[in-house]
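Residue numbers (this note's numbering), protein chains in the order written: chain Z, 3 to 339; chain W, 3 to 339; chain U, 3 to 339; chain C, 3 to 339.
In short, the hints are calculated from the structure, not lab data.
There could be a bad hint or two in this list.
Because identical chains cannot be distinguished in the list, a pair is counted as satisfied if it fits within a single copy or across any two copies.
[What the hints assert, rightly or not] The calculated SDA-like cross-link candidates involving lysine to any residue, where the alpha carbons are at most 25 Å apart (straight line), are:
1. 8 - 317
2. 72 - 278
3. 13 - 75
4. 197 - 173
5. 8 - 277
6. 29 - 15
7. 52 - 279
8. 197 - 141
9. 72 - 142
10. 8 - 280
11. 13 - 304
12. 52 - 36
13. 319 - 11
14. 52 - 110
15. 13 - 307
16. 14 - 76
17. 8 - 246
18. 8 - 75
19. 29 - 62
20. 337 - 320
21. 319 - 63
22. 333 - 121
23. 52 - 249
24. 72 - 12
25. 204 - 78
26. 52 - 108
27. 52 - 142
28. 14 - 317
None of these values were measured; they are calculated from a predicted model.
Protein chains: 4
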Amino acid sequence: MIIVLKPEATKKDAQEIIRRIAALGLKPLYMPGTERTVLGAIGDERVIGKLRIENHPLVERVSPVLTPYKLVSREIHPRDTVVRIGGVPLGGNYFAVIAGPCAVESPRQMHLTAQAVKRAGAKCLRGGAYKPRTSPYSFQGLGLEGLEILRDVAQRVQMPAVTEVVEVADVAAVERYASAFQVGARNMQNFRLLKALGQSRKPVILKRGMAATVDDLLLAAEYVLSEGNPNVILCERGIRTFETATRNTLDLNAIPHIKQHSHLPVIVDPSHGTGVRSYVMAMAKAAVACGADGLLVEVHHNPMEALSDGQQSLDPKEFVRLMRSIRPYVKLAGKRM
Amino acid sequence: MIIVLKPEATKKDAQEIIRRIAALGLKPLYMPGTERTVLGAIGDERVIGKLRIENHPLVERVSPVLTPYKLVSREIHPRDTVVRIGGVPLGGNYFAVIAGPCAVESPRQMHLTAQAVKRAGAKCLRGGAYKPRTSPYSFQGLGLEGLEILRDVAQRVQMPAVTEVVEVADVAAVERYASAFQVGARNMQNFRLLKALGQSRKPVILKRGMAATVDDLLLAAEYVLSEGNPNVILCERGIRTFETATRNTLDLNAIPHIKQHSHLPVIVDPSHGTGVRSYVMAMAKAAVACGADGLLVEVHHNPMEALSDGQQSLDPKEFVRLMRSIRPYVKLAGKRM
Amino acid sequence: MIIVLKPEATKKDAQEIIRRIAALGLKPLYMPGTERTVLGAIGDERVIGKLRIENHPLVERVSPVLTPYKLVSREIHPRDTVVRIGGVPLGGNYFAVIAGPCAVESPRQMHLTAQAVKRAGAKCLRGGAYKPRTSPYSFQGLGLEGLEILRDVAQRVQMPAVTEVVEVADVAAVERYASAFQVGARNMQNFRLLKALGQSRKPVILKRGMAATVDDLLLAAEYVLSEGNPNVILCERGIRTFETATRNTLDLNAIPHIKQHSHLPVIVDPSHGTGVRSYVMAMAKAAVACGADGLLVEVHHNPMEALSDGQQSLDPKEFVRLMRSIRPYVKLAGKRM
Amino acid sequence: MIIVLKPEATKKDAQEIIRRIAALGLKPLYMPGTERTVLGAIGDERVIGKLRIENHPLVERVSPVLTPYKLVSREIHPRDTVVRIGGVPLGGNYFAVIAGPCAVESPRQMHLTAQAVKRAGAKCLRGGAYKPRTSPYSFQGLGLEGLEILRDVAQRVQMPAVTEVVEVADVAAVERYASAFQVGARNMQNFRLLKALGQSRKPVILKRGMAATVDDLLLAAEYVLSEGNPNVILCERGIRTFETATRNTLDLNAIPHIKQHSHLPVIVDPSHGTGVRSYVMAMAKAAVACGADGLLVEVHHNPMEALSDGQQSLDPKEFVRLMRSIRPYVKLAGKRM
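Chain Z on its own, in the form it takes in the complex (with noise of 0.2 Å):
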């Protein structure tokens, strides 16, 4: 760690802080400026996050020279990790879409939808049944029936399916329910929920929070790695700024970023990303060009009636449109589907 002192930190001063380092057991090292003095401190990272040096008033800033996240990280994983939904492969080549609607409604709508997106070659089968609104007069979910609906077209269709989990409470149910848990972007850092999957071993699908940083999005998987849980895909799905023209804005330098800081699958939401469903195909092909390992595409089989969503829907048609149309850049990115 780096530590920057304040200019008006004596010699002394300085000497104090390297004690308390030492004390430690850490390595300090003394660097007397013109301005400012710099002192370091090497050792054990936890050992010097007990050294609490930035609450110090004497102390400008402090750097950490490693990044806080460790299982997620590259450096010590340097292998893609390949994760399984039932028994579909994502990361390393593997590339996979999964599509559905935003939420279950009801055993005809799923059915259809899950019919389509098969036909037109997803391979994972996602729908909610706990829907977390910004209103509290907007449609909720069917919560375990639509769980069981899901379930049941699911498995018609032979497909594996993800829904999300909003709740510690309801973690066991989705996990006999589905194939994966998706965790929203406003539930990024609910860390009990983080934990509590960390518990068990189906994979996680773990959406970027609006105001999240790609490194809050790698921390929030180093709580479930943490927990015992290595299955965790990560997604873009926009972040809030102040551009209105979309829902939000989808931040696709966080996938080569991903890349480069972490093994991890990363996957993109163009639907959510966008909010428009013109706009859904050609942040899809993007998506993959720039190194996703998956999709997570909303369809409807009638985005007119959609309960929630149906502005960034797709219809079943357009769905076979964008599945055939990824295909090329799938292959020129050197991944199957």
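Use these hints to put chains W, U and C onto chain Z, whose structure you have.
Showing chains W, U and C alone in chain Z's frame:
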């Protein structure tokens, strides 16, 4: 609701939509323009929601006429709501300061800090037992033990206690030990938690999320009120922007905006809002000046040893100075503390 | 224009506003609702602007029906515009890469870099003579001398030259030395400069400002077109958000959005868009995949010695690899380069 | 400067960099860690800049020890600077309100408004003759004619006049007609303009750009000071964030931050900072409370007829109330107006 059609929509398309509006018992309006046609739908908001007209491929955009929140709105409830934490009133003409450490660390730490803030004039004691931390390797709070310490100390110094609740399963315990719930920024849209708190009658201090608009905050409060708990105190604590000089960007514009649109009390957290000890005082005064009903301030008997947020915590002397400084501002604002 | 009145507005107030609308020769519309009254004003946009109805104390908000930009709009001009830099077409089915160093530093540096980018397949040469730098203590560019070097080298390698213009007084000089003007992000709303460039017929590459919405960018382009110069190329180069992992957040959503709303060509600058050399390739491919008409790439014959932006500049070998990699993407997009 | 090397950097690589540091006459420092090596370079900042070590492929990141600005820094110049507009002092213990319309529209409008703000206690008169507007179809200001009206009215009411300058070519004219230059948010990084203003001795009110950090603002001021003009007044006027309830997000945190790091006076523009007439008063009080040295307030004798920014302009009565309300706050802040 106002509905702007795409330029390619024909008169026939408009009539079809008008028929759908009328079929739901709503009053349709037809405004043909030179380049775009605009439609209106007048009637019960819930019925209008069922139109899902934003999903229609010929609709360019829709724009609701009314605010999406109801129970929290000043239109419905013109007079200021006064919420009581223990016996301490907040809102209307009542101003109160809630102070204490970021986290409960030990009986000694809590006791020393509680005595100090009480003496200086704080009315409620804060202290976190469950700490949502960005990294799994940071101090996570003492949990139930922390709640016990908080309650014991609060009783000894005779102050109502405020503490964060992060999970539905903890609501009952926190309700037993504390006089008010705090919902942190990361949980502002944990709707299951909000609904659970709506079942209680104890006050809920609802902190604004880092990427939440003021409307999102009001809708989150609407979740609590719509479940039956009218005792919500809103809290501005800074949003995430590109500025890195401060930990967050304290959005004080939110105070007059909330005051105009809602009857709920609103307080400000200048500690998280700046993240810098030496800016807390200035922003506390500004908060009072623009109409806040209270402050949430982090104080530690010895910030250098704080296990979390030491950089932004005041020591007892600084807190005495803050309380002394804000007094004339509270008076100027026509409030008493 | 749609006008939502405040709840306190009476029927009489509405009628007074309706009279003002009618007095300007516009067609007024009256939509009384249960809680709010909505009015409409139909007719010529310029006349509507004269209403200044947003200033009225009883008006809650106004919402224009049409886009504020006209000449850049695809509604008015449905077919893609092709802009030619020197003889190099850009837009429609024509894709082109503009490459070169951030700043012109010396004849040798320009020559080595120009040869390298030409060989690799770039069609235009870039290089800044006037450098807007955040700090007055950073390298500010060679000015006129830089323009001369740029022109000489460009002639020698037979590539059209593109260079930034930062000031009305320099427009004539830049026009003489270069084949296209570049307007940097910091000058996107330097309206006097835009008007001056509207007097020229040479192409203007207009970079999006760091805090500019896509609509702001289109309105800035409208300044140039409305003065008579139709040759504008828009450029997405990243916006400023809370994310610090990359220098900017490249907003590729802007590409399909611009393509849908405007006929102008749009290119992407993955160098500034990421600020990180190792992410440039991935984002270049993503840009092509989502529909960009070209790329603006920083290349330096020896990035380690670059006087500005060395961190994001490719060396000649990396640029060869980039050109080779994007070729199949350009083809997939149905374009030729 | 602190230099963190990539994990793959060997001891030999570190030594090579150390040699480069030493070759420039700087003092190198070597801090080998368990997972990363950290280097230091101590000495003259300008020499350090020549290292361009951030371009090195084995360098992960660099972190300067000192602030990038010098002349505006409180470290170099500990006492508050007082700037005089005409005879009106601003900064230190002097507080002043600058008020007037957004744009000069006519002699009558300027005269009525000027009389009103003078009577209410404003010390300087503002009014824009050159208006940078997002759309080319909005009112662009009266230009030279506007400057003449402004000067005539200012002389008649005996107030110093402040007006915006948008272009180097206008500096001389504005200098002739007004007592102080205003640089708008869109021109904060128009460095050529800043340098030209550095040649003058008249005060420059420098407004923060919509995407500018406080450090960017201080560096922009540094441009003016480094050219020889010490009379800069900084102005916080809101930044662009995701929040749409207000036109901008007024970042009052900037006030204590600037006060701590710079000796320059800083004022606040609550009109642009909110964009909503009814919030201006609250934010004006907050600005005074957190330490601002003055206010810039938009006032129009009849906001309903204002050609620009009518929504955020106060009428004379509201302005009288604002002046009356802030007086005790100015006194509490230990200043006189």
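Now for the hints, and whether the structure bears them out:
{"no.": "1", "hint": "8 - 317", "verdict": "between (60 Å within a copy, 19 Å between copies)"}
{"no.": "2", "hint": "72 - 278", "verdict": "between (37 Å within a copy, 22 Å between copies)"}
{"no.": "3", "hint": "13 - 75", "verdict": "between (38 Å within a copy, 23 Å between copies)"}
{"no.": "4", "hint": "197 - 173", "verdict": "both (11 Å within a copy, 18 Å between copies)"}
{"no.": "5", "hint": "8 - 277", "verdict": "between (47 Å within a copy, 17 Å between copies)"}
{"no.": "6", "hint": "29 - 15", "verdict": "both (17 Å within a copy, 22 Å between copies)"}
{"no.": "7", "hint": "52 - 279", "verdict": "between (50 Å within a copy, 20 Å between copies)"}
{"no.": "8", "hint": "197 - 141", "verdict": "between (28 Å within a copy, 15 Å between copies)"}
{"no.": "9", "hint": "72 - 142", "verdict": "between (37 Å within a copy, 18 Å between copies)"}
{"no.": "10", "hint": "8 - 280", "verdict": "between (53 Å within a copy, 14 Å between copies)"}
{"no.": "11", "hint": "13 - 304", "verdict": "between (72 Å within a copy, 23 Å between copies)"}
{"no.": "12", "hint": "52 - 36", "verdict": "between (29 Å within a copy, 18 Å between copies)"}
{"no.": "13", "hint": "319 - 11", "verdict": "between (68 Å within a copy, 21 Å between copies)"}
{"no.": "14", "hint": "52 - 110", "verdict": "between (57 Å within a copy, 19 Å between copies)"}
{"no.": "15", "hint": "13 - 307", "verdict": "between (71 Å within a copy, 22 Å between copies)"}
{"no.": "16", "hint": "14 - 76", "verdict": "between (41 Å within a copy, 24 Å between copies)"}
{"no.": "17", "hint": "8 - 246", "verdict": "between (41 Å within a copy, 18 Å between copies)"}
{"no.": "18", "hint": "8 - 75", "verdict": "between (33 Å within a copy, 14 Å between copies)"}
{"no.": "19", "hint": "29 - 62", "verdict": "both (20 Å within a copy, 22 Å between copies)"}
{"no.": "20", "hint": "337 - 320", "verdict": "both (23 Å within a copy, 22 Å between copies)"}
{"no.": "21", "hint": "319 - 63", "verdict": "between (55 Å within a copy, 23 Å between copies)"}
{"no.": "22", "hint": "333 - 121", "verdict": "within (20 Å within a copy, 28 Å between copies)"}
{"no.": "23", "hint": "52 - 249", "verdict": "between (42 Å within a copy, 21 Å between copies)"}
{"no.": "24", "hint": "72 - 12", "verdict": "between (36 Å within a copy, 22 Å between copies)"}
{"no.": "25", "hint": "204 - 78", "verdict": "within (23 Å within a copy, 47 Å between copies)"}
{"no.": "26", "hint": "52 - 108", "verdict": "between (53 Å within a copy, 16 Å between copies)"}
{"no.": "27", "hint": "52 - 142", "verdict": "between (44 Å within a copy, 14 Å between copies)"}
{"no.": "28", "hint": "14 - 317", "verdict": "between (71 Å within a copy, 23 Å between copies)"}
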